[in-house]
Each structure stands twice: as C-alpha cells, then as structure tokens.
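Trainee: Please construct the entire structure, taking both the sequences and the accompanying hints into account.
For reference, the chains in residue letters:
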Amino acid sequence: MDEHSATNTKEENITKSLNESIGRIEEIFTNTPDLIIRKLCIKQTGEPAAIIYMEELTDKASLNQNVLAPLQLETGNPSGDFITTVGYVKPHSTWEELRLSIILGYSVLFIDGRSTAYALDTKGFPQRAIEDPQQEPSLKGAHQGFIETGSQNIAMIRRYIADKELKVKRYIVGQRGQTPVSLLYLEDVTQPDIIKALEERIQSIDVDTIINTGELAEFIEDQPLALLPQMITTERPDTAASQILQGRCVIVVDGSPSVLVAPATFMSFFQTVDDYSSRWSISSFLRMLRIFAFFIAIFLPGFFIAVISFHFEIIPLKLLLTLGESRGQVPFPPFVEAIIMEITLEMLREAGVRLPAPVGQTVGIVGGIVIGQAVVQAGLISNVMVIVVAFTAISSFIIPNQDMMAAVRIMRFMMMILASWFGFVGLVIGMMSFIIRLITLNSLGNSYSTPIAPFRAMDWKDTLLRVPLWMMNNRPVSTKSRQSIRQGKSRGWKEKK
Amino acid sequence: MKSLRPVTMLQFILIISSFQISVAFLSIPRELARHAGTDGWMVIFLGWGLATVSSVVIVKLMKHSPDSSILELIQRYTGVWAAKVAAFIFMIYYLLLAYDGYMIASLVIKLWLLPSTYIYILVLLLLIPTFQIAQHGFQAIGRHSEIVTMLSIWIPFIYISTLSNAHWLYLLPILKEGWLPILSSVKFMIYPMLGIGLVLFLYPQLVNKEKALPAMIISNTLTCIVYLGITLICYVYFSPDEIGEYNDPVISIMKSVEFQFIERVEVVFIAFYLFVFSCIWIPSMYLVSRCSASLVGKGQERYHLAVWCIVIEISFILYRPSVIESTQMNYALNYIGFMMEFALPVGILLYVAIRKKMGGGQRT
Amino acid sequence: MRWVGKFIISVVSCILLVAVAGCANDKTNLEDATVPLALGLDVKDKKLHYYISAPVFSKDIQKKSREGGGVAEGLRQSRNHQDAQFPGSLAGRNFQVIIVGKQLLQYKDWFKVLDVMFRDPRNTITDRIIAFDGPMEDIFNFQAKDQPPLPLFIKAIVDSGSRSSATVKTTAQELHRQLYDRAMTPSISEIKIENNKIMLKGTTLLSRKGEYRTSLTYQETSLLHILKNEAKPGVSLTFPVDDLQQSLPFNIDNVSFSLGDISVKTKSSHENGRFQFNIKVKSIVSITEKFLEFELLGNSEEMANKLSKEMKKSMEALIKKCQNYNIDPFGYGFYARAYQYPLYKEAQADWGKELSRAHFDVEVDLRIGATGAVE
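Residue numbers (my numbering), protein chains in the order written: chain A, 549 to 1045; chain B, 527 to 890; chain C, 1162 to 1536.
Some hints here could point you the wrong way.
What the hints assert, rightly or not - Here are the simulated DSSO-like pairs of lysine-lysine, each with C-alpha atoms no more than 27 Å apart in a straight line:
1) B:K702 x C:K1426
2) B:K636 x C:K1188
3) A:K638 x A:K591
4) B:K882 x B:K702
5) B:K702 x C:K1428
6) B:K636 x C:K1273
7) A:K866 x C:K1224
8) A:K866 x C:K1358
9) C:K1467 x B:K702
10) C:K1225 x A:K866
11) A:K744 x A:K715
12) B:K737 x B:K586
13) C:K1451 x B:K702
14) A:K866 x C:K1451
15) C:K1514 x C:K1482
16) C:K1482 x C:K1428
17) A:K866 x C:K1220
18) A:K1028 x B:K737
19) C:K1467 x C:K1451
20) C:K1269 x C:K1481
21) C:K1441 x C:K1467
22) B:K586 x B:K824
23) B:K824 x C:K1167
24) A:K866 x C:K1306
25) C:K1514 x C:K1330
26) C:K1353 x C:K1263
27) C:K1330 x C:K1481
28) C:K1188 x A:K866
29) A:K866 x C:K1353
30) B:K702 x C:K1514
31) C:K1443 x C:K1389
32) B:K586 x B:K882
33) B:K735 x A:K1028
Hints were generated in silico from the structure; no laboratory data involved. Being a predicted model, the structure only gives us computed values, none of them experimental.
Mentor: Next comes the structure, spelled out in structure tokens:
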C-alpha cells in the first residue's frame, strides 16, 4: 500500500493545537489552490475552530446554511457541544482518514483543544441529471439511466426493490482513486458462493484507480482473454433490478454510469427490458430474431465467400447467372472484396461514433449510400457483396449488448478467413470452435451456455420464447438461487370466479 | 482422484447415442443391403437385442464400483499390473476408434467436398476442436452432444421429404431369401452399436446411477430408431438391384432432393455432418488421454491429449489411408468391438462375481 | 511463464495454418469457372460426339451462352478437349439437362457413358435426361431472340410438361434406377424442333439395355402415368364418344375431362403358366370440354360409361403396344416381385419377355363429378 502514496503518512493522531493542525494540512496539500481553510469561532462553546473543505467538491449552500451559520450564530444546545444541522457527522482521529475525507468532498471541522476532527457531509460535486440511457434505449420501459454517482445509482435500484434483503457491501478499490465499489444482492436468494467469490476478487485488486466499469470487469472476469463477455454491463436501473431478483449480483462503481451483473449466461445477453413489458408473442418473435441475427452476423459473410469460392453448385440456377455476371466484372477475389467492404464498414462505424450527432447522420448517408453505389458502379465491388455486408451490419446492430456486438465483429473476420481457406469445412470447424468456447466458458462457476447445454428445460421459458409472465413462477435454475419461487398466482383474480 | 463433474441423464443418453450413430449412420444401409438384401432392416432389431443384453452386463458390472471407472475396478480385483494392461488395451482400442473416425470423416470430405486437399490438412482441421474440448472431460462432452443433437434435428425432415418418391413395394416380400442372410448379417451390427463401452468410464459421473440401465436402453433404442429410419428410407428409394452399386446411399439420396432455394443439399449436409462425426472422435480421444495418463502415472491429461493429437496427425502424414482400407478397418472393428464391448465385460463380470462368491474381497 | 508458452504455441500454430492454407487447391471462384448447363450426346459416323452449352458471365457480350463440342472417347476423357474450348476451368457440377440423340439410343448400354456422373460425387444427378430425334447441332446452335437460354428453357418445358403429364420427368438418378431395376424398363422425355421452335414431343420408351423402342404421345403418356399410379389430380384426357366422324376441322364427338382423385389398384397373380394383372382404375372426373349435344344432367351415367369404355380401350391398346416391344415401363414387375417372388425370380433375367405373355384385365370406373359452368 505504501508504494502508491507520495508522502509517507503514518497513523498519526491529531494534536489538540488548531494551528498545528492547519499547518499540517498545508503541508499535506501543497499546490492545492482549491482547498479552503476558513477560521471561525464557535458561538456555542466559544472555541476557535477551522473548517477545511475543497472548493468545488462542496455544496456551498449546504455548507453555509447547515455548518457555518449554526456554528457561528446559534447557541442553545443543551449538551453544550457545537451545533450543526448537517446530517452526517463523523469524528476522526487519524490523519489518514482525514486526508481521505477531505479529498472525497467532506468538510472537516478542527476545534482547538480537541484531538478529534469532525467530517461533515456537505458533498456537492457536479453531476449529471438523470437522462435516457444512451446505449440501451427502450420503447416501453423507464427512461432513466444510471449516472456517475454511485450512491444515486444504488438509490435508483432501491426504488425497484424495496426489500430488507437487498444488501449492499462496499469496498474501496484503487490507491489513488479510492473508488467505492458496491456489491448489491438479495441475501436470501443469491448463492453465497457467488458473493464470496466476487468479494474475494474485488478485494484483491491492487491498482491506481478504476475509471470505468469495463476495467473492473476485466480484473474480475474468469477469462478476460476470451472474446465473449462473461458479465453483463447495463446502464438501466430496471435491468439491474430484475437481474438482482433473478438471483444475480450487481456491482456499482462510483464514477461510471454502467453497472456489472454477474454471473451471466450466453442467453442473458439477448434479453432486454422491453421483452417483459411487451406482449409475449412479439417478445418471443423478437427474441428469436435477435438470436438468428447473431448467427447471421457471424456467419453470413463467411458463408457467402465459401459458396462463391468453393461450392457454387448449391446456388439456385437463376441466382447463379446473375451472381456470375456481377462477379465477372470485379477484379478482386471474393475474400479480398469482402475484407475491403467489411473494413470500410467498420471505419464508417467508428467514424460515426466520433462525430457529433448532426454531422454523424450526414456521414452515415454519404458513406452508406453514395460510397456503396459509387463503388458498385466503378466495378470495384459486386453489388451482391454490398448487400451481404450491409445485411450483416444490420444484423449485428440488433444485438442488445455492446460487448457481445464487439465480439461478433471480431469473430466475423475469423470465420471469413476460415471460409476462404477451406470452404464449408472451414466454416463448420469455426462453428464448432465457437460452440465449444460457449460450452467451456464458465462465469463464476456457472456454465455459460445454460440452458442450451446442459439442457435445463425449466429455463427454456425465457430463452427462445418469452412465455407469458404468469407462467414464470421460478427464478432461473442457472443462477442456483437459494429461494427459487418468485411469484405465486400472478393472475389471482381469474381464479376467484 | 480428482473430482469428476456430474453428467445428467440426458447428456448420458446423448453421449452414447451420438457416439453410436456418428460414423455408422453413413455405412449401415450399404452394409445391410449388400449382405442381407432388402430384409436388412430386420437385422437392426437383432442388433438392438444384442446391445441390450450387453448393456445389462455392463451396468451390473459397474454396480460393483459406483464411484470409479473400470480401470480402478480392475485394479481393485486383480492388482496394479492387470489394471495397467487393461488401460493399455482400452487405450489402443479407443485410439483405433478415433483413427477410424478421423479417417472416415476426412475421406468423406475428400470425396464429396474438397478432393484436392491433402488428407493430413483435413485431419489437422478436425483435431483443433477435438483438442479444445476433449481436455474438459465428460461434462463438456455431454454438453457438446446435447448441442449437436439440437442442431441435427433438421436432418430427419429432409429424409422424410424423400418419401414422396418412395416405392414401398421394394420391401416386399419379407424374408424373400429366408432367415440365413439376416442371421449372418448380425455381425455387421456390432460396429454400429459400439458406444456402450463408454459406460465403463462414464458410469461414475452419472448423477442418478439407478437410472443407468433405463438410460442405456433408451439410447440404444434411439440409435436403432435412427438406423431403422435411414435403412428403410434407403430401401424404398433405391431399387434392390442398384443399391449395391452405391458406396454411400445415404448421401446419394440427399443429392436428389431438390429445393427451391438451394440446389445441392448434400454439400451442406456433409459439411454439417462433421458435427455428428465429432461425437466419435472427442470421447475417444478423451479416453485415450485418460488411459495413457493413468498408464504412465504422471502428467496432466491435457498434455497427453496434445501428444496423441500430434501422433495422429503425423500418422496421417506418413500413411494416407484409402477408402478400401477404411472398409477393411470397419470390418475388423466389428470383431474387435465385439470382444471389447460385448465379450470383455461379460468376462470381467464373471470374474468379479466369482471372486466375490469365493470371499476374495477387495484388494486396495 | 505459462502464458508465454501459450502465446508461442498459438503464434507457431497460426504460422503453420497460414502455410498450410496456401494449398487451397479446391478453390475455384465462380467467375473463373465455366459452368456448362446442358450436355448433348450423339453418335455420328460411328463416333461418340458431345456438345456443351455454358452461360457467359459478362455484361458486354450479347450472346448469352457459348457452345462447344467434339469427339469423345468418354466424358471424363474428353475433359481436356472441353477445357480447350472454354476459358476458365470446366466444372460438371451444374448440368441441368442431358440430351441424348436417337442415334445413340440404338446402342446397347449407352448409359455407361454417363458413369462419370455417378462416380464423381461433385456432379449433379438431378439433370433431366431427354431424347431428341435429329441432329444434335440443331439444338445446340439454336438461337432464338425471344427465348431464355437453352438449358433453362428445355428444363422448364420438361418440368411443366411432366406436371401436366404430357411427358415424364426422368433425372439421371431416376434413369439409373429404372435401368438397373430388372422389374421395369426406362422411359425418358422427348423433344423435337418444329417450325423453328423447340417443343415437347412426348415420351420415349427404352428397352432393358437402353435401346430405343417406341415413342408415346401426350395422351399415351398421361395414361402411362395413371397406370404407374403417379398421376396427379388435374390430368386431362380426351376421348371420342360416338362414331360421328364428320368432315370438320375438329371432331365434335370428343369429350375432354380432367381427373380428380384417382385410385389405381393393381393385383398380380399367376395362372395357367403366365402372370395375370388385374387393374382397377377409379376416378371422379369433371368434364372440361364437350362438343356433342348431350344432356349430362340426366344421363351422366351413360356418358361416364362411354368414357370409361373408351379409356379402357386406350389403356389396353397402350399395354398391348408395350407388350409387343417386350418392355415394361409401368413397373408391373414390382408387383410380381413382391407377391409372386419365386416365380418372378425365374423370369427376372428377361422380365419384358415374361410380361409380353402376361394377361391384363383393365377395369375403368369413372364418375362424373362436375360439368363446369355450363351444361
């Protein structure tokens, strides 16, 4: 621990002398112009005191009204101690804790003659208003997403689960960042092994700081080198709440608007919150469409290359003639053509992310339509290839989770390479490797490919189909929850007749 | 003894069934047609009966050691050296099965899809997923069999769609040459039913051991239903005079299926069938590595597996087998398989029963 | 250290894989290949000739297909010769039709020429086999501005013709089955060129060894389908009902009807040293064309009887014709083999001859179900 700190502060106690304390503060916080030291005299007890706070981390109104005003103006406390009307007051006696409190935004009250200092909660750093989540918009669900303050995020989750069993375990991660990382779970539902494993992994992280949830995910995942994500990242409180209710754990990182859900299965990446608020028939259809789109996005370009290069006898006759004609003009072999188009599309996508909104739309139109059209007419790429690549891109956009979409983008290239070397055989080998990866991945001890393999019939209620909600009486078997009944008669009024 | 991960009932059934079906599916109509004529489909029932008897024997045998595989059982009753010999024999046997599987798979691909690719390159491709999964044991293999079964559901429908051109009269009259051809063809049913020997190693990992026998019967029945289906479909599609001419009637049927959106379904079928083929190599290679690990005594199974994969690859580089040799090996495997999976468990069971009766007890 | 080892292994295997994949010998891109769609075989001056028609994949060239031909010792042997005429590697994977000349059909066992179709698994076997009476160059050099490319056109007319039972649809696989099966003889479609148009002529019947025997007209082909029990509802037949042959351009005593549900039951037996076949055809028909003045409403029974009699006569004539040539395109041998196996076994070496001695008993029972919108 000591390697990371600049100065070597030992567990020192605060002296009773106010001037010494202030001198010490100035020693610790050199080159910190936003540290304000306000000397005052407490009216109640008559002691000289000083309030020390960081200028922009403090809610000045609260500081003025709840701390400075009562301290300096009010008397009448029967216990004879100083008066503040702040909610949170914590006494500290070591410099270590004080240093931390000041940096985190608390204002610290030093009183002459006492060897404890008091940390007062007047935190008020700039934070964003609650908005629609950018990455996971929904049609029918709530339009609020997580913001960057961890405690607010936990509050949003608590609004959905007003249960005393919802426990929050808090850890501080990162030497310089001191990021609070909170683990939320339902005590009587979640498997204790999962909680223990997560706790162990979080507490053994030794870094400077964690800026984003993605970094935390990489530290605590089972296999970070794998292409497929093993934990879900979400920006929506309703998704996080429903995952907790299924028996999973949610990890909230202060400073990041995404939370982690662990453990995850492959199928959980295809579930969105809209599935449960729409009718079951459309939800099932969309679910199947998503899974179908996932496989299309990985295998379609490879399939096309394999068919054109190795096995063109399977193309129906009329298509063969038009295909042959359009390929006859193109100078490149199919694999090179496909790679060119795919790389161009990836570049367009990245460019779209960087550009601000209005310019981004124009670029999309320019890139998509004009370039595509021009490229075909110049005879560089056949129009069938443009269709294939565009269709693949659309399919990959359907996947709800960003990490999974990223995995798809990379796997697609591998399949294309295999297909151009070995045709269908290469594609099948690629498919086999992918399936084997799915089977052998473990997310915190749970198999990744449930409920497909091992086959758990009860969990199929929420996989390809989304059966009507009144049939989903148990929590998913894959989370091995301790208490598995989550609803009784959800349509009780029907039976009363 | 490392802890073995449990295998569910469904996985158990599917591991055995897919092991049996994977290679024999393609050759069974041809063999039965060449040796028993149009009455060959009745041989399947006899094969089923034989396999069921052997399943009963194996389950009874394994009941004597519910938590360890056959090797430990032999070690307990006859000592360490006999167990090492047994491990060696099983290793060679499963190596033979795996080699046969790779050979047939790559020969079929070479014939139907990629004629000019060297066979050792194809085998190298096939070894990659084998290595990836066989190191993880029977639980992963069980999951793999489940997924392969789910993916192969479309195959029966295509075959059934060829029934619109069926000539059911080809099957009549029944028993036209009498019982002799049928009875003499039973030996060709041994190879398609090999897979029950897997239970000798799989039994300790099964979750519900009491249900082992019904599970084996279910998987034998499933296998035989598939065989019966494909044999009947081949028989009503091809005339009895011409079916002997075809080397792979199963795939030749696929060639004549015409769809609107895809012309030659058999190309997709064969490429896809690699999934089903893999269900014979993967358990075999896993068992080879396990037997060799227990034979040598040290080294992780993963490294043994890697070594055996390299050995197989090198053997394909040095010696390129042909279709004729694969047929000969299949014939030989009928006899070898009979000894290993039908006769050997009977022998061991008798030995164990006699030892127990004589009060010999268990040696540690 | 472990991950360094894994890294090294994966890099080495990637390099190996790249080196290995360099020998992708099977790769033929579509634009580099020539895919002939039609194959023609004929005998000229006692030599086997082959003809190929392949489409051209280029927007600039007006003519949509290229033809080639030459003398062949065997189909695969002539591959080099074929390759010499076309750019790109020839692949026999997409044949749609195989046209066989009448001259070739004079020879026994001509089917062995097509052995490569079955032996090389990458060849198609669903190509339609069609007989053509005339010189093969006429077909392959046939260029019509208003018709789609030749192979597609021929395949389309054969397919639609077989659906309406004007001809049979015999693929190479089917012909293989019909030839090898000793209990039946083959039948293939036939086309002709008339008035500078390619049209269907009917069906060609072949002997056990593939030699040409006779041809059938459209109606006879429909009857063939019915007797084979392969007729689909919608088959249309026309028969004269009365002997009112007037000197008009059209026969006013013809009545056309289309068959609805057809049931054909065949029973085989062996009496008096020869096979007996009892055929019962039952169907509900709907009248589609009638020139006669005939009241159908009350006398439908009479009309049905007349039609049945005519149909029975035509069927018996067809069977007699086949018996004269010692052929069995219907497949009655199947019944004999199924039900009278020992007796069939003796005669299976030359089933056609045995069938020509057989006795047939045809019964036709038609019932008029509908007469259309007018009476």
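Trainee: Are the hints correct? Go through all of them and say.
Mentor: Here is what the structure says about each hint:
1. B:K702 x C:K1426: 23 Å, holds
2. B:K636 x C:K1188: Between K636 (chain B) and K1188 (chain C) the Cα gap is close to 13 Å, so the pair holds against 27 Å.
3. A:K638 x A:K591: 21 Å, holds
4. B:K882 x B:K702: Status violated; Cα separation ~49 Å.
5. B:K702 x C:K1428: Distance of about 19 Å is within 27 Å: holds.
6. B:K636 x C:K1273: 25 Å, holds
7. A:K866 x C:K1224: Since the Cα atoms of K866 (chain A) and K1224 (chain C) sit roughly 17 Å apart, the hinted pair holds (cutoff 27 Å).
8. A:K866 x C:K1358: 23 Å, holds
9. C:K1467 x B:K702: Answer violated: K1467 (chain C) to K702 (chain B) is near 43 Å, above 27 Å.
10. C:K1225 x A:K866: Status holds; Cα separation ~13 Å.
11. A:K744 x A:K715: Satisfied, since the Cα-Cα distance of roughly 14 Å is no more than 27 Å.
12. B:K737 x B:K586: At roughly 12 Å apart (the allowed maximum being 27 Å), K586 (chain B) and K737 (chain B) satisfy the hint.
13. C:K1451 x B:K702: 51 Å, violated
14. A:K866 x C:K1451: 41 Å, violated
15. C:K1514 x C:K1482: 13 Å, holds
16. C:K1482 x C:K1428: 21 Å, holds
17. A:K866 x C:K1220: 15 Å, holds
18. A:K1028 x B:K737: 24 Å, holds
19. C:K1467 x C:K1451: Holds: K1467 (chain C) and K1451 (chain C) sit about 13 Å apart, inside 27 Å.
20. C:K1269 x C:K1481: 24 Å, holds
21. C:K1441 x C:K1467: 16 Å, holds
22. B:K586 x B:K824: 31 Å, violated
23. B:K824 x C:K1167: 21 Å, holds
24. A:K866 x C:K1306: Holds: K866 (chain A) and K1306 (chain C) sit about 18 Å apart, inside 27 Å.
25. C:K1514 x C:K1330: 26 Å, holds
26. C:K1353 x C:K1263: 11 Å, holds
27. C:K1330 x C:K1481: Cα-Cα ~23 Å, so holds.
28. C:K1188 x A:K866: Holds - the C-alpha atoms of K866 (chain A) and K1188 (chain C) are around 22 Å apart, at most 27 Å.
29. A:K866 x C:K1353: With Cα atoms ~25 Å apart, K866 (chain A) and K1353 (chain C) stay inside 27 Å; holds.
30. B:K702 x C:K1514: Measuring from Cα to Cα gives roughly 23 Å; hence the hint holds.
31. C:K1443 x C:K1389: Roughly 14 Å separates the two Cα atoms, so the pair holds.
32. B:K586 x B:K882: 14 Å, holds
33. B:K735 x A:K1028: 23 Å, holds
In the structure shown, a violation is registered for the earlier hints numbered 4, 9, 13, 14, 22, in ascending order.
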